Each structure stands twice: as C-alpha cells, then as structure tokens.
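Residue numbers (the numbering used here), protein chains in the order written: chain A, 142 to 380; chain B, 31 to 217.
Careful: at least some of the hints might be erroneous.
What the hints assert, rightly or not - Below, simulated DMTMM-like cross-link-like pairs (lysine to aspartate or glutamate); rule was C-alpha separation at most 25 Å, straight line: (1) A:348 <-> B:217; (2) B:116 <-> B:145; (3) A:188 <-> A:149; (4) B:113 <-> B:200; (5) B:116 <-> A:334; (6) B:85 <-> B:75; (7) B:42 <-> B:69; (8) A:314 <-> B:210; (9) A:348 <-> A:334.
Hints are computed from structural coordinates only; laboratory data are not their basis.
Note that this is a predicted model, so its numbers are computed, not measured.
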Amino acid sequence: MSGQFQLDGQAVPFEDGQTILQAARAAGRYIPHLCWHPDFPPHGSCKLCVVKVGGRHLSSCAAPAVEGIEVESDTAELRAERRALLQMLFVEGNHFCPSCEKSGHCQLQAQAYEHEMMSARFAYFYPPRPVDASHPDIVLDFNRCIFCELCVRASREVDGKNVFALSGRGIHKHLVVNAESGRLADTDFAADDLAANICPVGVILHKRQGFRVPIGERPYDARPISRVELAAGGREADE
Amino acid sequence: MSTSGSSAGPRKLRVATTSLAGCFGCHMSFLDIDEYLFDLLDRIEFDRSPLTDLKHCGPCDVGLIEGGVCNAENVHVLREFRKNCKTLVAVGACAINGGLPAQRNHLELGACLQEVYAFRDGLSGSGIPNDPELPLLIDQVHPIHEIVRVDYFLPGCPPSGAAFRAFLTDLIAGRTPRLDYPAIRYD
Chain A
142 MSGQFQLDGQ AVPFEDGQTI LQAARAAGRY IPHLCWHPDF PPHGSCKLCV
192 VKVGGRHLSS CAAPAVEGIE VESDTAELRA ERRALLQMLF VEGNHFCPSC
242 EKSGHCQLQA QAYEHEMMSA RFAYFYPPRP VDASHPDIVL DFNRCIFCEL
292 CVRASREVDG KNVFALSGRG IHKHLVVNAE SGRLADTDFA ADDLAANICP
342 VGVILHKRQG FRVPIGERPY DARPISRVEL AAGGREADE
Chain B
31 MSTSGSSAGP RKLRVATTSL AGCFGCHMSF LDIDEYLFDL LDRIEFDRSP
81 LTDLKHCGPC DVGLIEGGVC NAENVHVLRE FRKNCKTLVA VGACAINGGL
131 PAQRNHLELG ACLQEVYAFR DGLSGSGIPN DPELPLLIDQ VHPIHEIVRV
181 DYFLPGCPPS GAAFRAFLTD LIAGRTPRLD YPAIRYD
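Chain A extracted, bound-state conformation (with noise of 0.2 Å):
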C-alpha cells in the first residue's frame, strides 16, 4: 500500500511502514534528524526532528507516515524549537569546537550551523567527563556525548560486543564502557567495528587522525548539513 502526504505544503509519498522522515529522505526532503540512522530503528531520543501533524507535535523519525496528513517541518516555530534543542544539548555538555578533532564534521555543531545558532543561550553546565585514552587507537571524549546511542546500538547489534551503555538519569545520565574497570582498554572493542565509526559528534575518536583534513575542506565548511545529506543521496555524511 501506499499513498501520500503533505510536508510544508507539498506533496510526499509514501510506501506503507514508512515514517515519514523517511518517506521525505526518499523524497529528497530533508528533516533535520541527530540521533537517528538509516541502518536502525528510530531512537526518538533528540527531537531534532520534530513536526507538526494537526497542530501536535511529533517526532517524525518515529511516526508513521498517514495518508493525506498535513506535516509542518520548515517553519519558524520549529526551527526555534530545534535551535533551542541544540542549545541544551551544548550547554549540557562541554562543547569546545576549537580544540575537537570532530570539528568541521560533526553533526551536532552541522546542526547548530543550519539553525542558525549563534550563542548557547542558557548558563553552561561544565559538567566533570574525564576522557579515556586507555584504547591504543581510539580515545573516548566523554565530554561531548549527545546520549544518542548509536555507539550503544552498533556496539550491541551489529558488533555483537556490547562495549557501551547509558547510566545515571536526567543531568546525571553518562556513557559508560561495559568493563569491570570501566576503561575500553579492558574490553574487545577495535577501530574497524562499526560502533568506532558511528558517533555523529566527537566522542568516539580513531587515535592518529586528528585535524587530517585541512580547515575548508571538510564536509560542513562550505555547505550545510542539509544539502550534504541530500546530495549524499540521503546516505549519513560522516567523514
């Protein structure tokens, strides 16, 4: 079955099961989206996607796509509300993109580009996140967690190695490395396993590759996420 829908006044169709920000990926519309990945089921975690369906509020990674539903994405209310997402997320943090390997390729810094974020707005948290270096080729920046879970899922799913894991609630909520010393030195983890190459933000770094790509030519210097995504073909943007 299939059908169609409207995102922003124009029409998107859709094969039944789609959600529909993957009904508009197919389409060639973008949402913007952190925590979720083609490769997995939605996450729902960051609300970066978030649209308007009858005057709700839902998260389009998650929500099936309906016939004839009328869908707000591209819209100054929302783009707000994502911006002010994304000024959480940094404050809650510690986000220092002058001195991160990640910088120019990371999503969560991407996203704040596009929506046009120029300051955290709120007072910083600064909160403690000692980094783990224990690793001979990959070193994890706690600091900089968005609590997306991809590395959690990757690591459980399709790595079958189970390195990683939330813990703690609320303000308190951390990664973890699933060891009795809690250093990834300690587990089975390698830098070819999926869960080493799928943080979007940069935690998960590869040791040895720091700043290899001059500033002007990484993947966010010169266009925004959107359209590196799109011309992508709607495949992740990652290096």
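Based on the hints, put chain B in the right spot on chain A.
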C-alpha cells in the same frame, strides 16, 4: 583614533572593544579586515580599546567583548561596557562559551593554581602569586551572557575578518546582523 578626510555624513558610531579572558586573537582577526578599516573609520570612531589605549569606556553605540569572565576585574570591565554601550556584542568562542580558559572549570581552583605555581619543577618557590594588584580569580570561567545581557553574538575562534566585516556592515546600516552559512563557524 580617526582618519583625516571628509567629516560630512552621518554621525560616526562610537565603538569600544576589550579582551577579558581572551587571547586578543579576535582583535587580530578584526584587523584582518585590512583596507576596509579605512572605510570603517569613515563610519565609526573608537572609544576604549587596545587600539586607543583608553582605560575607561564612555557612552558608546557598540561594545565588542572578546573573552570570557575569569576574574573580578573582568566582571567590572564587562559591567562598565554594558552600562555604556547601547549594543553589546559577544565576540568569539570564549565570550560565548568560556572557550579555552573554561577548560579549567572541572578542576578545583586551588588545586589548579598549586599545579601551576607550586608543584612544577624549576619554580622559584615563591608559591601562588598574591600581589594585591592581581584580580581575584572566579572559581569557574563563564561566558559573558551569564553576567550581563548581550545583544548579539559573533561566533568563531576567531570570527574571520569577513565575518567581522559582514557583521559591522549590517550593524552600521541599522540592520539586524545576520551571517551567511559559511561565516557561522565555532572554530
């Protein structure tokens, strides 16, 4: 600081600049507008700034603040700027999120000072400096919007000369400053 030349035209905007817990990199980048500085000086004049060496700020149209707030003097200077400037702008990463100096925020201040002044090899043994002229450090470094109201933010480490130029051109023309995509950068 002003150039000779035509004094006709609209009143010049009075601009003050300062660096709090910053490295003056934003000021250096501001100077990267190169010869546009001459055009700019037909439209603005400087009040307190490292460029004029004036020590206090008078009534101004625009205040550009580089750097975050790490000590008591920074708070006083920032409040002086807010009091005197109609439009206050947070310039660069440190003013906006604390930046590099804020990397000490997860450390206890006393331990941090001891690490630098007491426990390193080759120190004179005079301990942590306590000259009364030194401003009192704050336990954490803060972005300026946590202390005073800020009208605009110009991100970047530093913002490029082109970003300064676009921003100031809008401001002088009386428009709300808005940067095009490649000019919005956090690094």
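Hints, one by one, checked against the model:
1. A threshold of 25 Å between alpha carbons decides the hint, and for residue 348 of chain A with residue 217 of chain B the separation of about 20 Å falls inside it, so the pair holds.
2. The straight-line distance between the Cα atoms of residue 116 of chain B and residue 145 of chain B is roughly 42 Å, outside the 25 Å bound, and the hint therefore fails.
3. Distance hint between residue 188 of chain A and residue 149 of chain A is fulfilled; the C-alpha atoms sit about 19 Å from each other, no more than 25 Å.
4. With a C-alpha separation of about 23 Å, the suggested pairing of residue 113 of chain B with residue 200 of chain B holds against the 25 Å cut-off.
5. For the hint linking residue 116 of chain B to residue 334 of chain A, the alpha-carbon distance of about 54 Å lies beyond 25 Å, and the restraint is violated.
6. Of the pairs offered as hints, the one joining residue 85 of chain B and residue 75 of chain B holds, with about 16 Å between alpha carbons and a cut-off of 25 Å not exceeded.
7. A distance of roughly 12 Å separates the Cα atoms of residue 42 of chain B and residue 69 of chain B; the hinted pair therefore holds under the 25 Å criterion.
8. For the proposed pair residue 314 of chain A and residue 210 of chain B, the alpha carbon gap of about 35 Å is over 25 Å, so the pair is violated.
9. Between residue 348 of chain A and residue 334 of chain A, the direct Cα distance comes to roughly 15 Å. Compliance with the 25 Å bound is thereby established for this hinted pair.
Violated hints, listed in ascending order, are 2, 5, 8; each of the other numbered hints is respected by the structure.
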